[in-house]
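Q: Each chain, written out:
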Amino acid sequence: MPADDKTPADIATAAREALVRVVRGAAAYHLNACVRCGLCGESCHIYRADPTPENLPAAKAAKVASHYRRYCTLVGRYLPRLVGARDFTSAALEELVEAVYGRCTGCGRCGLHCSIGLDVAAIIRAGRHVLASIGMVPDGLQRTVSNQLETGNQMAIPRDELLSTAEWLSEDLKLERGDEAARVYVDQPGQRILYLVNPREVKFFPLSLMAAAGVFHAAGERWTMSSKFYDVTNYGFYSGDDDAARELTRRVMEEARALGVQEVILSECGHGFRSFRWEGPNWLGQEYPLPVRSVLELLEEYLAAGRIKVDPAKNSARVTLHDPCNLVRWGGVSEPQRRVLHQVVQDFVEMTPNRQDNFCCGGGGGMLSMSEYGDRRVASGATKAEQIRATGASIVATPCHNCADQLLELSKRYKLGVEIQAVVELVYSALL
Amino acid sequence: MEVGGKQIDFDKDGFMTDPGLWDEQVASTIAGEEGIAEMSDKHWGIVNFIRTYWQQHDLAPPVRLICKEVGVSVREIYKLFTSGPARGACRVAGLPKPDGCV
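Just so you know, the sequences run in chain order D and Y. If you're matching positions, the first sequence starts at 1 in our numbering and goes up one per residue. If you're matching positions, the second sequence starts at 1 in our numbering and goes up one per residue.
Just so you know, these hints were derived from the structure itself, not from any lab. Hints are supplied without guarantee of correctness; some may be wrong.
Unchecked claim - Straight line, CA to CA, 27 Å or less: simulated BS3-like cross-link-like pairs of lysine-lysine:
| hint | chain 1 | residue 1 | chain 2 | residue 2 |
| --- | --- | --- | --- | --- |
| 1 | Y | Lys42 | D | Lys228 |
| 2 | Y | Lys42 | Y | Lys68 |
| 3 | Y | Lys79 | D | Lys415 |
| 4 | D | Lys174 | Y | Lys79 |
| 5 | D | Lys412 | Y | Lys42 |
| 6 | Y | Lys68 | Y | Lys79 |
| 7 | D | Lys415 | Y | Lys68 |
| 8 | Y | Lys79 | D | Lys412 |
| 9 | D | Lys314 | D | Lys174 |
| 10 | D | Lys174 | Y | Lys12 |
| 11 | D | Lys314 | Y | Lys79 |
| 12 | D | Lys228 | Y | Lys79 |
Go ahead and model the full structure; you've got the sequences and the hints to work with.
A: Structure representation (structure tokens):
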């Protein structure tokens, strides 16, 4: 919420300045070109669950566009009513919060289906940038960004707790692999890989971290985590706060340099991949000095090179695959996970549609951290739930921890009875 | 929702808006929604530990501590609470939703 010492006029001025700053070039074209055909409706999981006009992607984008017209076009400046141009009043800003945080996950499927190819999600992001610049990010989402900036990870896990968890997992791993060297490595300089994880893996769901450590051991990999900066997520990307996003990226890349690794490998996380792999160099204004890849690409490499041996019969249950929007549609990683699953799973079936045309699970865009939209989030997962049900699978492989939480909830609410697993967990179970 | 003569409210994620109103009857009711027909000793062990830890630290405990203090394995926790430690066990324990990607 806006700071109390600011008047509505101050806030409107700050919002206008932010809007002018973020909407430039192609973005301005996208804001003005919608032909209102309405084709975007059926492409959107939120609109499909609740087809009210407010949920139409074009309508959400129009909220941002109405302010652009007010401040950045000649007619909008002088005859705002004529073109539906709106001031940044308190009421309009609240509506904007609702539209860009509460009714859109930024999944981008509408852009793919738009009759003239508009990048609607980029328009929504422009709206989030404006709201972030005036302190109007929803509380739960903002707390997640603040935790990450203040403590180094989004769940504010103390360093000692990370170290204790690494020890605890290492004890189990040693027993399972029968080798002292099978462990979760932390703060080891000079390794080949710096591995980033979702703090959720440390605090609540450690089996994926244990599986990754087990697969790294089997492949003879030299790897480490950093106890300072191990968080693969970047909620500044979701909130629209580029300064926070830049700082979170800078810290990790600095840590990679300090530890002397040759490569940064990202755990299964959709927006984390998009942020670190693609957005990061833009935030930093320079190319990275070393490669940044998804663990899925590494797993595929291990299998292709024969560095790990697997038996798909160890995963005999039917498995389908969910495509996280930020990893697949935005991130371009769609095949490595499929080539891996075909080798480690006996009965793999695709859901439809898939790959770039997948439906959002409903948990993206920071939605899981904003309780005020919880009921809408679960309702918007109806399309995904039916996609899963149609496959008859009992396991949904999900290369994103954010999607995993949403899918777990969908399984409960829609009575799917499926188990959600990271790809690396299935690889670990298939190890010989 | 009314439980034992008390009005209990939940946020849109299903977490109690006033954790102070929590009692064992409320816990059993939420557990019912989680598909837990009858809370076993292990369920109570986990829920009571989470509750106590939260009262002391204002945070949900990490799963490592739950396992250690209650004497259950990680895999067992996911079987007991199919929504997991955060959206499952913490919710039954009457905590607010833990922050972040969960």
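Q: A separate judgement is required for each hint: does it hold in the structure or not?
A: Status of the hints after comparison with the structure:
Proposed proximity of Lys42 of chain Y and Lys228 of chain D is contradicted: the alpha carbons are some 35 Å apart, above 27 Å. Between the alpha carbons of Lys42 of chain Y and Lys68 of chain Y the distance comes to roughly 13 Å, so the proposed pair stays at or under 27 Å and holds. Using a Cα cut-off of 27 Å, the hinted pair Lys79 of chain Y and Lys415 of chain D holds, with the two alpha carbons roughly 16 Å apart. A threshold of 27 Å between alpha carbons decides the hint, and for Lys174 of chain D with Lys79 of chain Y the separation of about 24 Å falls inside it, so the pair holds.
Under the criterion of a C-alpha separation no larger than 27 Å, the hint pairing Lys412 of chain D with Lys42 of chain Y is consistent with the structure, at around 21 Å. A threshold of 27 Å between alpha carbons decides the hint, and for Lys68 of chain Y with Lys79 of chain Y the separation of about 17 Å falls inside it, so the pair holds. Taking the CA atoms of Lys415 of chain D and Lys68 of chain Y, the gap is near 32 Å; set against the 27 Å cutoff, the hint is violated. Distance restraint check for Lys79 of chain Y and Lys412 of chain D: the Cα-Cα separation of roughly 13 Å lies within the 27 Å cut-off, and the hinted pair is therefore satisfied.
Restraint check for Lys314 of chain D and Lys174 of chain D: satisfied, since their Cα atoms lie roughly 21 Å apart, inside the 27 Å limit. Taken as a hint, the Lys174 of chain D and Lys12 of chain Y pair is broken in the structure, with Cα atoms around 42 Å apart against an allowance of 27 Å. Only pairs whose Cα atoms come within 27 Å are accepted, and Lys314 of chain D paired with Lys79 of chain Y is accepted, the gap being roughly 21 Å. Proximity of Lys228 of chain D to Lys79 of chain Y is assessed by CA-CA distance (about 32 Å); at most 27 Å being required, the pair is judged violated.
Hint check: violations occur at hints 1, 7, 10, 12; the rest are consistent with the structure.
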